[in-house]
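Engineer: Each residue of the sequence shown is one higher than the one before, counting from 3 in this note's numbering.
Calculated directly from the structure, the hints in this document are not laboratory data.
Computed from a predicted model, the values in this text were never measured in an experiment.
Careful, some of the hints might be misleading.
[As the list claims (entries may be wrong)] Straight-line Cα separation of at most 25 Å, DMTMM-like style, residue types lysine to aspartate or glutamate; simulated pairs:
id: 1; residue 1: K103; residue 2: E87
id: 2; residue 1: K126; residue 2: E98
id: 3; residue 1: K84; residue 2: E120
id: 4; residue 1: K103; residue 2: E86
[As the list claims (entries may be wrong)] Computed Cβ-Cβ distance ranges for the label pairs, DEER-style:
id: 5; residue 1: K42; residue 2: L104; range: 40 to 46 Å
id: 6; residue 1: G9; residue 2: P53; range: 18 to 24 Å
id: 7; residue 1: E38; residue 2: M75; range: 19 to 25 Å
id: 8; residue 1: G107; residue 2: P11; range: 53 to 59 Å
id: 9; residue 1: L77; residue 2: K21; range: 22 to 28 Å
id: 10; residue 1: F81; residue 2: D18; range: 18 to 24 Å
id: 11; residue 1: I70; residue 2: L124; range: 21 to 27 Å
Note that beta-carbon positions come from the ideal geometry of N, C-alpha and C, so glycine has one too.
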Amino acid sequence: MSLQPTGIPLTVKEFDRQKVGFCAGCGCGCGYILYEREGKIVDLYGHPADPRGMGSLCTKGITYIQEIPGNQMRLRGIFMKKEEEFTPIEYTQALEILKEKLLKGKTAFLLGRQTGLEEYILAKKVS
3 MSLQPTGIPL TVKEFDRQKV GFCAGCGCGC GYILYEREGK IVDLYGHPAD PRGMGSLCTK
63 GITYIQEIPG NQMRLRGIFM KKEEEFTPIE YTQALEILKE KLLKGKTAFL LGRQTGLEEY
123 ILAKKVS
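Assemble the whole structure, with the sequences as input and the hints as a guide.
Structural biologist: Listed below in structure tokens is the structure:
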């Protein structure tokens, strides 16, 4: 489904950019419209044309969109656990390690951004 910005802004706050996207906070993937000013979020609404959220976002989605991207504690990049430490590795190196393990007959589950809790638990139990 492709969502477009609304013809009339949903906010009364000043903004210089609006983005339309899908929340990845849970498996529902509700549509949203985000308003920015100078790179900072000034307002956020569920997309009125999205049938999943019906123009709303849950508190989990609001927190996911507003708080996680700018959180200083957020890990950015790919990390590999060596002994008890997590060390950053390159994307190409991660793909090579994955390829080697898959060729050895290891089982892998690649979960997407819209993976729900049930799918995560199932993948964890069988891998």
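Engineer: Evaluate each hint against the coordinates.
Structural biologist: Hint check:
no., hint, verdict
1, K103 x E87, "holds, 21 Å"
2, K126 x E98, "holds, 22 Å"
3, K84 x E120, "violated, 28 Å"
4, K103 x E86, "holds, 20 Å"
5, K42 x L104: 40 to 46 Å, "holds, 41 Å"
6, G9 x P53: 18 to 24 Å, "holds, 19 Å"
7, E38 x M75: 19 to 25 Å, "holds, 22 Å"
8, G107 x P11: 53 to 59 Å, "holds, 54 Å"
9, L77 x K21: 22 to 28 Å, "holds, 23 Å"
10, F81 x D18: 18 to 24 Å, "violated, 35 Å"
11, I70 x L124: 21 to 27 Å, "holds, 24 Å"
In terms of the numbered hints stated before, the structure departs from hints 3 and 10, listed from lowest to highest.
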